[in-house]
Structure formats: C-alpha cells, structure tokens
Amino acid sequence: MSALGRRIGDPAMTPVLPHTETYGRVLEFLHHEAELLDAYRFSEWVELFAPEVEYRMPVRTTQFLTDGEGFHDVDFFVDDHATLVTRVKRLETEFAWAETPPSRTRHYVANLRLQEGDDGELAARVNFMVTRTRQDLDYQLFTGQRLDRLVRADTDAGFLVRRRTILVDQTVITNTNLSVLF
Amino acid sequence: MSTTAHPPSHAILSNGEAIEDLVRAEEGLISRRIYADPEIYQLEQERIFARAWFFLGHESEIPEPGDLVSRTCGTDPVILVRDDEGVVRAFLNSCRHRGMRVCRTDRENVSFLRCPYHGWAYKNDGRLMTAFAEDHYGEGELDKDELGLIPVAQLDSYQGLIFATWDPQAPSLDAYLGNMKYYLDIIVGRTGGIEIVGTPQVWDVETSWKFATDNFTDNFHVFSAHHSLVELGMLPNNPDFAAHGHMIVAEEGHILHLTAGAPTEEYELLGLPPELRAKMREHLSPEQVEMARKCAYSAGTVWPNFHWLQLMSSGTLGQRDVPFLNLRLEVPLSPTRTRMWSWLAVDRDAAPEFRKASYETYVRTFGPAGIYDQDDMENWEDCTRAALGPAARRFPLHHKMGIGRPVDDSWPGPGRAYAGAYGEMTHRSWYAAWRTHMLRDHAVGARTEAAR
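For the protein sequence lines, the chains are A and B, in the order given. Numbering-wise, the first sequence is residues 130 to 311 according to the working numbering. Numbering-wise, the second sequence is residues 3 to 454 according to the working numbering.
No wet-lab data here; the hints were simulated from the structure. Heads up, a few of these hints could be off.
Partial selection, computed: residues in chain B whose CB lies under 8 Å from chain A [unchecked claim]:
id : residue
1  : 108
2  : 320
3  : 370
4  : 380
Far from chain A by the CB rule (all over 12 Å, computed), these chain B residues [claimed, not checked]:
id : residue
5  : 242
6  : 358
7  : 396
Beta carbons are placed, not taken as given, at the ideal position from N, Cα and C, and that holds for glycine.
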C-alpha cells in the first residue's frame, strides 16, 4: 500500500516536466548510469551514490490488489553505501563466479516521471528493463519500476542517488540469481 | 556390471541399468545419470516426492485464523492454512470439480476459498460448502461431504516447523525425524522458539535439485566457490578454516555439520548475543550447550530437501560477522530446473538490534543477490549441464573424501559422528537414503486414494 502511494507520486513535490533542463539532466544522469553498468565500470557507478544511500529491492508476492501491490519488508537487496562498495570490489576480484566470466547486460530506463521537493531533492520514477546473457545461454529478463531520490551534486554526473527502491515485477525471480546490479 | 544378480523389475531402468549401480554410495561413486535424467525424475516423483515428509512452512507464518500461504508438498501445490478453530491444515491447491487452483495468491486471510471456474466454495477447514447450480444435480450426483479439498495424508510440526507427506503409510513425523530432533533442538529450539521474518525469497535455478541439495552438506566448497570473499578478507585465507568440528549422520538420511569458527568467544554458541546465550542454557541440555559452544556454523538437511544454514558472515567490508539462521527448501520443477525457497528465522526473544543485523547480513550474503549464494547457483547450473551428455554419464562423480575415516565413538550425541568438518560421509549417507527410497516399489498414489 505504501509502495502504491509512492508510485502515484508525492503530493508534497512539484512535477518537473520533460521540456525542462532539470528533466534533461536527470535523464542524462540515468542513461550515464546505465552505460557504466553495461560497460562493467562498477567502481565509477558506485560513485553515483550518496554516502547515506539506502538501496533496496523488496520481495514481492502475488496478492489481491485490495491487499496492496504485494511488496514486503523482506528484500532481495538491503544495501547501504559500504555494502554496494563491497559488491563492486567483489566483482573486481577474479573469483566472483556468478559474474566471472561476466554476463552481458543492457540496462534500459524509460518512462521517466520526475518531481522536485522544496529542498531540491528529486524523485525520479522509471520503468527499467535489464537483459542478461551468460555463456552460451538464452536471454534473461528483469523488469520493474525504480524509485530514486536524487540530490544535485558538484560531480561530473551532477547528481547523487540517496535512495533507490527497486520494485521488481516478478514474485519468483526466474533468472538463476541477482548478480547483476539495478 | 551389475552388483546385484537379479534386481527386481522396478529397480531396473529402461536401458537395463540397475538403480543400485548408479549410486555406489559405499564406494563414493555417484552416476551423473541420477541428476538430470527424465526417467529417474519420473521415478523420484512417485518414490520420493509422493512419500517423504516435506517442509511446508513455520507456524509463525500463519499466526491468525484464516491465514494462508501457498506452498508445495513434494512437488504438488498446496494451501497451508490455519482454519477458524486455529487448526493448521494443508490441502492440494486444486478444486475437486475440474482441478482449478482454488488459491491463486501467495498469501491471504480467508474464511472461504471460492474456485473461480464454477464457483465451488470451500471453508478454510477444507469442507465443500456450496457447489454451483446445486439444484441441477440429481439424487446422489453431488455428495458434498465427500468433495472437500484433498488434505495431505499426514501433517505435523516440530518446534513450529510444519511438515507434511502424501503417504498415509509413512512413519509419523516424530519417528521420521528420529534422532535428528536432538540436533533440530540445538538449532531451532535453542532459545525456546524461532519465528520467520516476513515472507520467503523464491527463485528458480536451472539445476538438478540434487546438485543444490548436495551443496548444503558441503563445507569444503567454501574456500574455492566463495573465494572472492577470501580475496576481500571477508573469509579467512586458510583453506582449512571450516574443517574443524563434526559431521553427523542421523536416522532416515538426515545429516548435519557442526563446525567450529575462529577460536574466540565471539564464535562460540552459534555467535548469538549474550542474552540469547543465557536462554540456550535454559532450553538445551549441558551436552547440547557444549556442542553449540564449539560451533559457529551449522548446516543440516532433513531428508530429502529441507535445510538449515546457521552461519556467521558479513555482507559488508570491515564489518564484523553476524549470525543468522536461514531455512532452505529445493522444489524440483523439472529434471533440470529447481525452485529455491529461502526464509530467515530469528529467535523469538531476539532484541531488535540483533534482528536487524541478522536480517541485513542474511540478505546481503544469502539468497539470489547474496554475495555468497549467487556463486553457488553458477556451480549447480554448470554441473547440471555437464551431466546431460551420454559420454559424461559413463563417468561417475567422486564422493570419496573420508571414506576410510572411523566413526568418532567419543561423540556424546545421537547418530554416527565423524571428526572433522571436511568429508563426504554426509553426502554418501544422503545418496544412500536416496537409493533406499528409489528402490521401494510403492504405488503411493493409488494407495492414498484408496485410503480416503
């Protein structure tokens, strides 16, 4: 229910429309991030997150809509900044077998809806799609919605992610594991 | 080269191979054929998944009358529900009329389950209350008393863990668990009770269920399979770090490890915080406490596919190891595909800070995104793919470690214990139990129906 509320939008925030400079800069930031992930530039990717970041992917169940969207207080990811850095450093070893040899991924972000708060914090909602192939195997597909809280930052990328909630569409992850990042 | 002169027909596969010859457990040789062969898989359905006891869930997952979760008993979908009287029941998730799934969510709270297809409605105790267009049935055409949801043949719980079987002639749960209860008490009964945190993680892996199962009684894969964590300094850079402790073979193919951690107080008594350690001394015998004192890690399997992982780990560089209790189940979907279920359990009396730390450590290290677990699945999938070819199947897999090691007669607990935590005696015992089940000639399905 709370997740449903977040998806509809925060009434305390103001919509940022597509023709604005802010919208364009955020879209460019999101595309930049996707490009870093697909290029295995994980140590640059993790620098896009604020030190206080909360990075979560809640577990979803099939429920009646009257009981909510089915997201739970149990997660597939419940990371802070130090944990994300740990994941990245792990991927940089030669022994992270789930990604060694690496998957080929494509991260797509679309349908950006953007809002801005009085304090300058931005709420970005996107639909995401990640495709993965490994070894000589068939495609795997991860889709869902991502809810980001961004702040403007004096960095090349221009923003930092201070909260990311990844709402997967699947209740059962049918793709072996979640060794890719979102 | 058959080791059996004249095996009975049910013990012979269509190409003439004897099941017995595929699992030479005493020699530590396991044929690749058993992992992903469709004929073996079909036989497993009748001889194992329609017969053994299976974990369905924990009582804390359905605390209130009407609480329901969708689960699997063996490989059949079931509804696990607490009825209005508070009785825990499990039914085949299938209407008696056309067989439609009557529960189509993962969890809900219900008084009645109404089948979407023709509207047959069942009370949460399984009774058929109304069928559709009842006045169009003639005399004797609709016996509602006989058309309740199909219950599992037996359902029982131990320490809140709910198990069920489709075999009315299976031994009771109490007898099935046998001397494994002594060790279940150490893990799930240690502080007077555990509870499940939230809802399970569920994911599918392209593996034979048996490669996953095999991995849950295997300490010596950790150093290589999880070597990324050694590189990062999050596991000791010592190949023998998990080699100390005992491996125990209990009754009915149940197996476990009790493994020592670093030689400090922090890694004693499963690494639990002080207030829970005090509770352990209340709820366990001095002998059990002494076993737990020497134990930081434990993996156990209630035969065939239910496991606990009591571990201490860290998901974050520079943070200390934190204990957590992970309950696991593998449900085969096909010879080469398996649904993984993973629950976090915590002691009912655990303080909020410990719950949080235990929860975060579990999610970060285990489950599909866990920095340990994700590498395991890679191994199981590639082992499965490599077991498919006709040439590979001529060459059995190697399970010989510790085959000559004697039983440790000084072990005070039940079962056969072996000193050390690196060895394949628990693997061999699991496969021997598999062979025993697969050599039974049971038409369980027919008997179950006749017994109704």
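Verification of the supplied hints:
no., hint, result
1, 108, "holds, 4 Å"
2, 320, "holds, 7 Å"
3, 370, "holds, 4 Å"
4, 380, "holds, 5 Å"
5, 242, "holds, 18 Å"
6, 358, "violated, 10 Å"
7, 396, "holds, 24 Å"
Figure legend: structure checked against the earlier numbered hints; the only hint not met is number 6.
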